[in-house]
Amino acid sequence: MYKTNFWLILLVLFSCFSVFATTHTVAEGDTLYSISRTYGVTLDDLCKANGISKTKPVIVVGQKLTIPNQKESTDIHVVKKGETFYGIARSNGITVDELLSLNNLTSSDTLKVGQKLIVPGKNSAGNSTVSSNTNTNLEITDPRKYSEKKTDSSLTWPVKNPKVTYINGKVSGVQLSATNNESVISIRSGTVMFSGVYRGFGKVVFIQSQTGHIYVYTGLNEISVQKSDYVVMGEKIGTVGFDVISGKPQMILMVFQNGKPIDPAKAPRG
Numbered sequence: 523m524y525k526t527n528f529w530l531i532l533l534v535l536f537s538c539f540s541v542f543a544t545t546h547t548v549a550e551g552d553t554l555y556s557i558s559r560t561y562g563v564t565l566d567d568l569c570k571a572n573g574i575s576k577t578k579p580v581i582v583v584g585q586k587l588t589i590p591n592q593k594e595s596t597d598i599h600v601v602k603k604g605e606t607f608y609g610i611a612r613s614n615g616i617t618v619d620e621l622l623s624l625n626n627l628t629s630s631d632t633l634k635v636g637q638k639l640i641v642p643g644k645n646s647a648g649n650s651t652v653s654s655n656t657n658t659n660l661e662i663t664d665p666r667k668y669s670e671k672k673t674d675s676s677l678t679w680p681v682k683n684p685k686v687t688y689i690n691g692k693v694s695g696v697q698l699s700a701t702n703n704e705s706v707i708s709i710r711s712g713t714v715m716f717s718g719v720y721r722g723f724g725k726v727v728f729i730q731s732q733t734g735h736i737y738v739y740t741g742l743n744e745i746s747v748q749k750s751d752y753v754v755m756g757e758k759i760g761t762v763g764f765d766v767i768s769g770k771p772q773m774i775l776m777v778f779q780n781g782k783p784i785d786p787a788k789a790p791r792g
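According to the numbering used here, the residues represented by the sequence shown are 523 to 792, in order.
To be clear, the hints were calculated from the coordinates, so they are not data collected in a lab. There's no promise every hint is true.
When the alpha-carbon atoms are kept at most 25 angstroms apart in a straight line, the in silico DSS-like pairs for lysine-lysine are as follows [as the list claims (entries may be wrong)]: (1) Lys782 / Lys749; (2) Lys788 / Lys758; (3) Lys682 / Lys788; (4) Lys682 / Lys672; (5) Lys578 / Lys603.
All chains, full assembly: derive it from the sequences and hints.
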């Protein structure tokens, strides 16, 4: 049963958090024109890629649209001190995921001063004279809802002295602030069920304890354990990554019992 719960949790998490630059889910207020401007493609190409007639361009909320390859020039951006993926993407009129895709990067990669990134050319469709009053949805949307709760100061967390912020949504957990490349430790002994990268989700580690609880450590920069490894409480399992939206070093911890999320502050330690 524990193994079944693990794969169910993995499937749910991946379906909730994965994001792909080649598809767009229609949201309320979207139009074909606004979507085409957001992704820097022509209206003709967008309609053609999805079999939509330009004379009757009907789309509905929840519909998934295929975004055709962008036909645009590119420039090179040299990373400066203090810059983030979010800031660079916003200044070039694209989403963070598009910037990562252009450069074959993932959300767990870090920026370095002097690093060269491919960005859309100044004359590309995505950067053509967009009015500041036009709703083009160029900023990445954070689907998470945050809340703060008091937690026991004596609790052991994967990182030292984190600010604990609860995340509510399709999947619940806590966001933990950290320092650059801080070590991430296991807060419960158990067996590594999954260790690796999933695009849009970062580097993740699943550890299942003998009681069946599954501890999910996400948004890591480096992973120090492999599938089937047995880790004890306090053992290093990786290092902290960063949040692509805020650009700050942090990670997310989720804990599941019988396939359902529980409050990580109430999850067993040791």
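These are the hints, each one checked on the structure:
About 22 angstroms separates the Cα atoms of lysine 782 and lysine 749, which keeps this hinted pair within 25 angstroms; it holds. About 21 angstroms separates the Cα atoms of lysine 788 and lysine 758, which keeps this hinted pair within 25 angstroms; it holds. For the given pair, lysine 682 sits about 18 angstroms from lysine 788 by alpha-carbon distance, which is consistent with the 25 angstroms threshold. Distance check on the hinted pair: lysine 682 and lysine 672 sit about 16 angstroms apart at the alpha-carbon level, within 25 angstroms; holds.
The hinted pair formed by lysine 578 and lysine 603 fails the criterion: a straight-line CA distance of about 48 angstroms is larger than 25 angstroms.
Hint compliance for this structure: hint 5 alone is broken.
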